[in-house]
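Let the sequences and hints guide you as you build the complete structure.
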Amino acid sequence: MADLTELNLAEARDGLAKKEFSAVELTEAHMARVSASSALNAYVLETPEKALEMAAESDKKIAAGEARPLEGLPIGVKDLFCTKGVRTTACSNILGDFTPPYESTVTQNLWGDGAVMLGKLNNDEFAMGSSNETSRFGPVVNPWKANGTELVPGGSSGGSSAAVAARLGIAATATDTGGSIRQPAAFTGTVGLKPTYGRCSRWGIVAFASSLDQAGPITHTVRDAAMMLTSMASFDKRDTTSIERDVPDYEAALTGDIKGLRVGIPQEYRVDNMPAEIENLWQQGIDWLKAAGAEIVDVSLPHTKYALPAYYIIAPAEASSNLARYDGVRYGARQNGVDIDDMYAQTRAAGFGDEVKRRVMIGTYALSAGYYDAYYVKALQVRRLIAEDFTKAYQKCDVLLTPTTPSAAFPIGKNVEDPLEMYLNDVFTVTVNLAGLPGISVPAGLDSDGLPLGLQLIGKAFGEEELLRTAGVLEEAAGFDAQPQDWWSA
Amino acid sequence: MSVDENMVRRIANLARIGVSDDDVPGLAKELSAILGFVEQLSELDTDGVKPLTSAVEDKIRGRDDVVTDGGYAEDVLANAPEKDDEYFAVPKVVE
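The listed protein sequences derive, respectively, from chains A and B.
Counted from 1, the first sequence has number 120 at position 121 by numbering that gives the first Met the number 0; the numbering is strictly sequential.
Counted from 1, the second sequence has number 21 at position 22 by numbering that gives the first Met the number 0; the numbering is strictly sequential.
It is possible that some hints are incorrect.
[As the list claims (entries may be wrong)] Derived Cβ-Cβ restraints for the label pairs, each shown as a range: (1) A:Pro100 <-> B:Asn12: 41 to 51 Å; (2) B:Ser53 <-> A:Gly292: 45 to 55 Å; (3) A:Asp297 <-> B:Asp3: 27 to 37 Å.
[As the list claims (entries may be wrong)] Straight-line alpha carbon distances no greater than 27 Å define the calculated DSSO-like cross-link-like pairs of lysine-lysine that follow: (4) A:Lys49 <-> A:Lys83; (5) A:Lys459 <-> B:Lys58; (6) A:Lys59 <-> A:Lys258; (7) A:Lys258 <-> A:Lys391; (8) A:Lys395 <-> A:Lys413; (9) A:Lys83 <-> A:Lys18; (10) A:Lys459 <-> A:Lys395; (11) B:Lys28 <-> A:Lys236; (12) A:Lys17 <-> A:Lys60; (13) A:Lys258 <-> A:Lys289; (14) B:Lys49 <-> A:Lys459; (15) A:Lys459 <-> A:Lys391; (16) A:Lys60 <-> A:Lys49; (17) A:Lys413 <-> A:Lys304; (18) B:Lys82 <-> A:Lys304; (19) A:Lys289 <-> A:Lys391; (20) A:Lys391 <-> B:Lys28; (21) A:Lys236 <-> A:Lys83; (22) A:Lys17 <-> A:Lys49; (23) A:Lys391 <-> A:Lys413; (24) A:Lys59 <-> A:Lys17; (25) A:Lys459 <-> A:Lys304; (26) A:Lys304 <-> B:Lys58; (27) A:Lys83 <-> B:Lys82; (28) A:Lys391 <-> B:Lys58; (29) A:Lys395 <-> A:Lys304; (30) B:Lys82 <-> A:Lys395; (31) A:Lys258 <-> A:Lys304; (32) B:Lys28 <-> A:Lys413; (33) A:Lys304 <-> A:Lys236.
Quick caveat, the hints were computed from the structure, so don't treat them as lab data.
In this text, a Cβ means the ideal position worked out from N, Cα and C, and glycines have one as well.
As structure tokens, this is what we get:
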């Protein structure tokens with residue numbers, strides 16, 4: 000039998016349907032790779048027994064002719080998603096050995112469609128980071144290397160991106176608050192889709208910045224992303240910002256036809272010091288879409304440069320409020336103090352890592368009396384200007400094309416000492432979260448060091464079908480089929 | 000806006016994060032750098048712009064004010080660091 004971990008989601012589904020192999024065989028093949036991959040540190044918890052049990056159930060369904068849309072397909076789950084009876088920590092010490100007595104809506108949707116859980120994936124602590132170096136379980140190593148140097152897999156969904164790139168799961172769940180799906184996808188040669196805000200339920204996902212957080216998949220292909228989104232998306236009464244709207248079959252949108260589509264090129268994304276390779280790849284993307292029959296339109300998003308500063312007030316403000324719940328009373332690791340206030344302070348001092356503390360403190364400051372209007376309200380006003388930029392641009396175009404990141408994956412440790420340098424990673428992705436729009440990163444080429452680079456497409460709110468269709472055309476034109484050389488399997 | 004050491008202590012107290020004296024100067028520097036970066040927002044004239052709190056501007060859905068969930072204290076308490084019968088236990092608050 001061929002190596003079953005070489006298959007993408009759609010191929011594995013079709014192989015299972017034709018009974019070329021069983022769900023248990025498919026799952027076992029991935030489990031073997033997972034258990035040999037500790038050098039990557041992508042998984043923080045493996046759930047082999049659960050995986051085999053779910054796969055055996057899938058084989059029964061397939062035999063009975065009752066296969067569900069993702070029947071028997073083994074995937075990894077970012078440790079931000081609560082999984083019933085399976086430790087969930089958001090990769091923070093403060094959650095201790097928290098074991099949720101409930102399942103997040105998104106993962107429940109996936110299991111309900113027959114997907115198989117391989118385990119929980121590493122991420123930056125509370126999803127705060129762009130390199131997966133803030134995790135309590137230590138950094139994830141990118142399967143891709145340049146000149147022998149170990150690189151970050153991006154963040155915060157670095158476990159998800161590394162796992163898919165290294166074939167430790169056919170797909171993975173992830174979350175994106177400022178770029179945390181798209182940036183790691185770009186760094187690992189995978190596809191990362193952040194849906195429209197409100198498309199996937201946030202219920203049961205550990206909250207970072209609630210007005211920006213959105214779940215989505217990291218996959219090998221655009222088709223796989225469409226399959227995953229069709230399952231992950233739903234209306235959920237338990238999330239007050241969930242949108243009541245039918246979920247289409249996103250895979251059916253991949254017609255390959257974008258004739259007449261207007262693709263906007265935002266001039267403000269030509270930032271200073273952008274590497275020539277990224278600039279060239281962007282131009283290449285423009286040429287590909289033009290050749291496929293799209294019309295290229297220059298557009299302006301004039302407030303782009305203010306997106307990161309606005310984000311670094313809004314996200315920390317929401318985080319400081321959301322993370323107030325970690326007080327050592329109801330769950331997680333408690334530190335004893337001389338009185339209850341001291342218990343809170345000691346618990347939070349010991350439980351939160353440096354980056355989380357920084358952001359909670361920035362947020363607390365921005366929300367405190369005397370600074371609220373100058374920082375928080377100001378940032379929300381700028382957020383509206385950014386959202387209006389997109390509304391205006393979409394009068395002239397249907398989707399936008401940009402680079403995903405200003406660079407390829409960087410070495411582990413490079414930006415750890417300088418939070419601001421780290422924040423700049425999200426310069427092209429963060430606007431999308433502020434405006435609540437869908438965005439996707441598609442692997443489009445390799446740089447001179449042989450590292451993957453991604454192009455980002457941004458859609459209209461709930462324009463995932465058009466977005467995925469365009470991404471499919473971009474993917475086809477790019478023909479990206481490079482894979483990292485396996486140096487990690489033990 | 001630069002954050003001095005007193006301000007760091009004040010914010011840390013508001014955020015209920017214990018900081019040691021050794022941590023304070025470093026935090027003051029880091030928080031000042033981040034706020035310095037954010038300072039560029041003041042270049043923009045936002046007079047009269049309505050703050051945007053959420054990308055979803057639909058009215059928040061209402062629901063009937065009835066109990067829809069609950070009745071499983073054991074689950075709720077399952078992850079408690081300390082519990083006493085059906086209660087979370089904390090250090091004595093009232094003398």
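Outcome of the hint check:
With their beta carbons about 34 Å apart, Pro100 (chain A) and Asn12 (chain B) fall outside the hinted range of 41 to 51 Å. The given range of 45 to 55 Å is broken by Ser53 (chain B) and Gly292 (chain A), whose C-beta atoms sit roughly 36 Å from each other. Judged by the Cβ atoms, the range 27 to 37 Å given for Asp297 (chain A) and Asp3 (chain B) is violated: they are separated by roughly 46 Å. Between Lys49 (chain A) and Lys83 (chain A) the alpha-carbon distance is near 11 Å, which keeps this suggested pair within the 27 Å criterion.
This hinted pair checks out: Lys459 (chain A) and Lys58 (chain B) have alpha carbons roughly 20 Å apart, not beyond 27 Å. For the suggested pair Lys59 (chain A) and Lys258 (chain A), the alpha carbons sit about 44 Å apart, so the restraint of at most 27 Å is broken. Restraint check for Lys258 (chain A) and Lys391 (chain A): satisfied, since their Cα atoms lie roughly 22 Å apart, inside the 27 Å limit. Taken as a hint, the Lys395 (chain A) and Lys413 (chain A) pair is broken in the structure, with Cα atoms around 40 Å apart against an allowance of 27 Å.
Only pairs whose Cα atoms come within 27 Å are accepted, and Lys83 (chain A) paired with Lys18 (chain A) is rejected, the gap being roughly 31 Å. In summary, the hint linking Lys459 (chain A) to Lys395 (chain A) is supported, as the alpha carbons are separated by about 12 Å, within the 27 Å threshold. Only pairs whose Cα atoms come within 27 Å are accepted, and Lys28 (chain B) paired with Lys236 (chain A) is rejected, the gap being roughly 44 Å. Using a Cα cut-off of 27 Å, the hinted pair Lys17 (chain A) and Lys60 (chain A) holds, with the two alpha carbons roughly 14 Å apart.
Proposed proximity of Lys258 (chain A) and Lys289 (chain A) is supported: the alpha carbons are some 9 Å apart, at most 27 Å. The straight-line distance between the Cα atoms of Lys49 (chain B) and Lys459 (chain A) is roughly 22 Å, inside the 27 Å bound, and the hint therefore holds. Between Lys459 (chain A) and Lys391 (chain A) the CA atoms are separated by roughly 11 Å; this keeps the pair inside 27 Å, and the hint holds. Under the criterion of a C-alpha separation no larger than 27 Å, the hint pairing Lys60 (chain A) with Lys49 (chain A) is consistent with the structure, at around 17 Å.
Among the hinted pairs, Lys413 (chain A) with Lys304 (chain A) is consistent with the structure: their alpha-carbon atoms are about 24 Å apart, no more than 27 Å. As the CA atoms of Lys82 (chain B) and Lys304 (chain A) are separated by approximately 50 Å, the hinted pair breaks the 27 Å bound. A C-alpha spacing of about 22 Å is found between Lys289 (chain A) and Lys391 (chain A), which places the hinted pair at or below 27 Å, so the restraint holds. With a C-alpha separation of about 39 Å, the suggested pairing of Lys391 (chain A) with Lys28 (chain B) is violated against the 27 Å cut-off.
The hinted pair formed by Lys236 (chain A) and Lys83 (chain A) meets the criterion: a straight-line CA distance of about 19 Å does not exceed 27 Å. Note on Lys17 (chain A) and Lys49 (chain A): the hinted pairing holds, with a Cα-Cα distance of about 25 Å set against a maximum of 27 Å. Between Lys391 (chain A) and Lys413 (chain A) the CA atoms are separated by roughly 38 Å; this puts the pair beyond 27 Å, and the hint is violated. As the CA atoms of Lys59 (chain A) and Lys17 (chain A) are separated by approximately 14 Å, the hinted pair is consistent with the 27 Å bound.
At most 27 Å may separate the alpha-carbon atoms for a hinted pair to count; Lys459 (chain A) and Lys304 (chain A) meet this at roughly 21 Å. As the CA atoms of Lys304 (chain A) and Lys58 (chain B) are separated by approximately 30 Å, the hinted pair breaks the 27 Å bound. For the given pair, Lys83 (chain A) sits about 21 Å from Lys82 (chain B) by alpha-carbon distance, which is consistent with the 27 Å threshold. Taking the CA atoms of Lys391 (chain A) and Lys58 (chain B), the gap is about 23 Å. The hint holds against a cut of 27 Å.
With a C-alpha separation of about 21 Å, the suggested pair Lys395 (chain A) and Lys304 (chain A) falls inside the 27 Å cut-off, and the hint holds. Restraint check for Lys82 (chain B) and Lys395 (chain A): the C-alpha separation of about 60 Å exceeds 27 Å, so the hint is violated. Taking the CA atoms of Lys258 (chain A) and Lys304 (chain A), the gap is about 32 Å. The hint is violated against a cut of 27 Å. Taken as a hint, the Lys28 (chain B) and Lys413 (chain A) pair is honoured in the structure, with Cα atoms around 19 Å apart against an allowance of 27 Å.
Distance hint between Lys304 (chain A) and Lys236 (chain A) is unfulfilled; the C-alpha atoms sit about 36 Å from each other, more than 27 Å.
When held up to the earlier numbered hints, the structure conflicts with 1, 2, 3, 6, 8, 9, 11, 18, 20, 23, 26, 30, 31 and 33 and fits the remainder.
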